[in-house]
Every structure is written in structure tokens, then in C-alpha cells.
Amino acid sequence: GNSVTQMEGPVTLSEEAFLTINCTYTATGYPSLFWYVQYPGEGLQLLLKATKADDKGSNKGFEATYRKETTSFHLEKGSVQVSDSAVYFCALSDRGESGGSNYKLTFGKGTLLTVNP
Amino acid sequence: ETGVTQTPRHLVMGMTNKKSLKCEQHLGHNAMYWYKQSAKKPLELMFVYSLEERVENNSVPSRFSPECPNSSHLFLHLHTLQPEDSALYLCASSQRPAGPSYEQYFGPGTRLTVT
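So the sequence lines, in the order shown, correspond to chains P and U. With the first sequence counted from 1, adding 10 to any position gets you the working numbering. With the second sequence counted from 1, adding 360 to any position gets you the working numbering.
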């Protein structure tokens, strides 16, 4: 089956520090990869995505590159801000167990990031 | 603005109560999802509706009963819950998946506490 493993955290950084959150996956097919972010008291929002090997997703200064050879999709940001404090989820989409067109999202457990001023 | 709303935002219920969670999406999507988010566990997909037909039921106990009367509304009916059912319940919507890169849009969730 499919699974996503991401670093557990929590991660605490000072403002303007460099951020890396590791994510690795296993999948039966050729998945698309996502990072979602959940700010306090809110639902999940798509942060970025990549659909094929070597694609780089980017948004709001965050980046992640789809590495098929290492089955990884690590999230990075060069200079974090206090407003980046949130829970970050790595996820993949692949065909459901029925093999039909109902693609499912498989999530990691989430990594809590706290950025201090 | 996510375009997906959920009510109530917080719910406390006893184990013998019956209550319902409501989700509404204003995005013109035709697939809707219920997820359970518990502390220290990955997000769990509970149910998927596509074109108002239930297409996925991930071994969820029968005390959870979903209903999708139309493509904009999704309900989760709750009865005789257990304390371990306390969690954040998230609703999401998307276009009916036509490929692996579709995006799901999430609501803010209902924080459920079972006493």
C-alpha cells in the first residue's frame, strides 16, 4: 500500500532561519506529491505540488522537488517568518484500492513548526 | 477563503446523543470527503462521495453515517459514539478525480468531544 513518512517534530526555529522538513513515500503506482499547511484553527490548505519526477513545486517561498530515485519530497524555505508557524503535511495521491478513477490522498502525520521572533 | 464551510465548529456530546455535522461547498465541485484528524495520527479518510454516490467507506464503524443529498452538501450523522471518537472532523471537496494531481479543498473542521 501507499504510505508517507515525515519528520515528527515539533520543529522550533528563529525568524529568518532555514527550514527543511523531510518527507519520504512508498507508492504502488506513480503518485503526485503535495505539501499541505494547517494554520491554527483552520483546515488544510494546499501549499505546493509536483506531479512527475524532478518537478519542483513552489509557493510563498517554500519549495520541494519530486525525487523519484530517493522517493522523497522534502520541504524547504530559505528564511522562515513567524507567520509560517503551522502544521505541515506531506501527502501523495494515487489510485484507490478499487483501481478506478477515485484517487485518494495519503497523508503523513504532520510536522508542527513554531517560528519565534 | 476556502469555499468549504462546516457547522458546528465545536460540538460536545454524550455517548447516547444523536447529532449531525454539516459541510457545504461553494466551489462547484462534485466530490466530497470526510476525514478524521486525531492527535499524533495521520489524517484518516472516512468516506468519499463522487457525483452524490458513496464510492469509498474505509471500514468506518456504523455509528458514523454519511449523507450526501446533493453535490454541495455533505452530512455526517453521529449516534452512540465512544470517547475515542473525539477528534477534529474535516470535510473536503474536489472536482471528480480525473487524474492524480487534483487538489482537495478543506473546511475548518468540527472539533468533536464525546463525554
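Take the hints with a grain of salt, since some may be wrong.
As the list claims (entries may be wrong) - Lysine to aspartate or glutamate pairs mimicking EDC-like chemistry, simulated, CA-CA at most 16 Å apart:
| # | chain 1 | residue 1 | chain 2 | residue 2 |
| --- | --- | --- | --- | --- |
| 1 | P | K66 | P | E52 |
| 2 | P | K119 | U | E427 |
| 3 | P | K66 | P | E79 |
| 4 | U | K401 | P | E18 |
| 5 | U | K379 | U | E427 |
| 6 | P | K114 | U | E416 |
| 7 | U | K400 | U | E463 |
| 8 | U | K396 | P | E52 |
| 9 | U | K400 | P | E18 |
| 10 | P | K114 | U | E427 |
| 11 | P | K78 | P | D64 |
| 12 | P | K87 | P | E26 |
| 13 | P | K114 | P | D104 |
| 14 | P | K119 | P | E18 |
| 15 | P | K114 | U | E463 |
| 16 | U | K378 | U | D445 |
| 17 | P | K78 | P | D94 |
| 18 | P | K78 | P | D104 |
| 19 | U | K382 | U | E427 |
| 20 | P | K87 | P | E73 |
| 21 | U | K379 | U | D445 |
What the hints assert, rightly or not - So these bits of chain P aren't anywhere near chain U, every CB distance computed over 10 Å:
| # | residue |
| --- | --- |
| 22 | E52 |
| 23 | E79 |
| 24 | F99 |
| 25 | S103 |
| 26 | L115 |
What the hints assert, rightly or not - Computed beta-carbon distance windows for the label pairs:
| # | chain 1 | residue 1 | chain 2 | residue 2 | range |
| --- | --- | --- | --- | --- | --- |
| 27 | P | K62 | U | L411 | 52 to 60 Å |
| 28 | U | H386 | P | E79 | 40 to 48 Å |
| 29 | U | H439 | P | E25 | 16 to 24 Å |
| 30 | U | P368 | P | Y49 | 46 to 54 Å |
| 31 | P | F28 | U | G363 | 28 to 36 Å |
| 32 | U | K400 | P | Y49 | 36 to 44 Å |
| 33 | U | H437 | P | E86 | 20 to 28 Å |
| 34 | P | T30 | U | R423 | 25 to 33 Å |
| 35 | U | N390 | P | S13 | 38 to 46 Å |
| 36 | P | E52 | U | L411 | 25 to 33 Å |
| 37 | U | Q455 | P | G11 | 32 to 40 Å |
These aren't lab readings, by the way, just hints derived from the structure by calculation. C-beta atoms are modelled at their ideal positions from N, C-alpha and C, and glycine is treated no differently.
Straight-line Cα separation of U/K379 and U/D445 no greater than 16 Å? holds (13 Å)
Minimum Cβ separation between P/E52 and chain U greater than 10 Å? Answer for P/E52: violated, closest chain U Cβ roughly 5 Å.
P/S103 remote from chain U - nearest C-beta pair above 10 Å: Nearest chain U Cβ is 5 Å from P/S103, so the label is violated.
Within a Cα-Cα threshold of 16 Å, do P/K119 and U/E427 meet the stated pairing? violated (28 Å)
Is the Cα-Cα distance between U/K401 and P/E18 16 Å or less? holds (11 Å)
Given a hinted range of 38 to 46 Å, is it respected by the beta-carbon distance of U/N390 and P/S13? Given range 38 to 46 Å: violated, Cβ gap about 28 Å.
Cβ-Cβ distance between P/K62 and U/L411: within 52 to 60 Å? At 28 Å between Cβs, range violated.
Confirm or reject the claim that U/H386 and P/E79 have a C-beta distance inside 40 to 48 Å. Cβ of U/H386 to Cβ of P/E79: about 42 Å, so the range 40 to 48 Å holds.
Beta-carbon spacing of P/T30 to U/R423 - inside the hinted bounds 25 to 33 Å or not: This hint is violated: roughly 41 Å between Cβ atoms.
Holds or violated: P/K114 with U/E427, Cα cutoff 16 Å? violated (20 Å)
Taking 16 Å as the top limit, are the C-alpha atoms of U/K378 and U/D445 close enough? holds (14 Å)
Is it true that the C-beta distance of P/F28 to U/G363 lies inside 28 to 36 Å, as the hint says? holds (33 Å)
The structure does not agree with the numbered hints 1, 2, 7, 10, 17, 22, 24, 25, 26, 27, 29, 30, 32, 33, 34, 35 and 37 stated previously, though it agrees with the rest.
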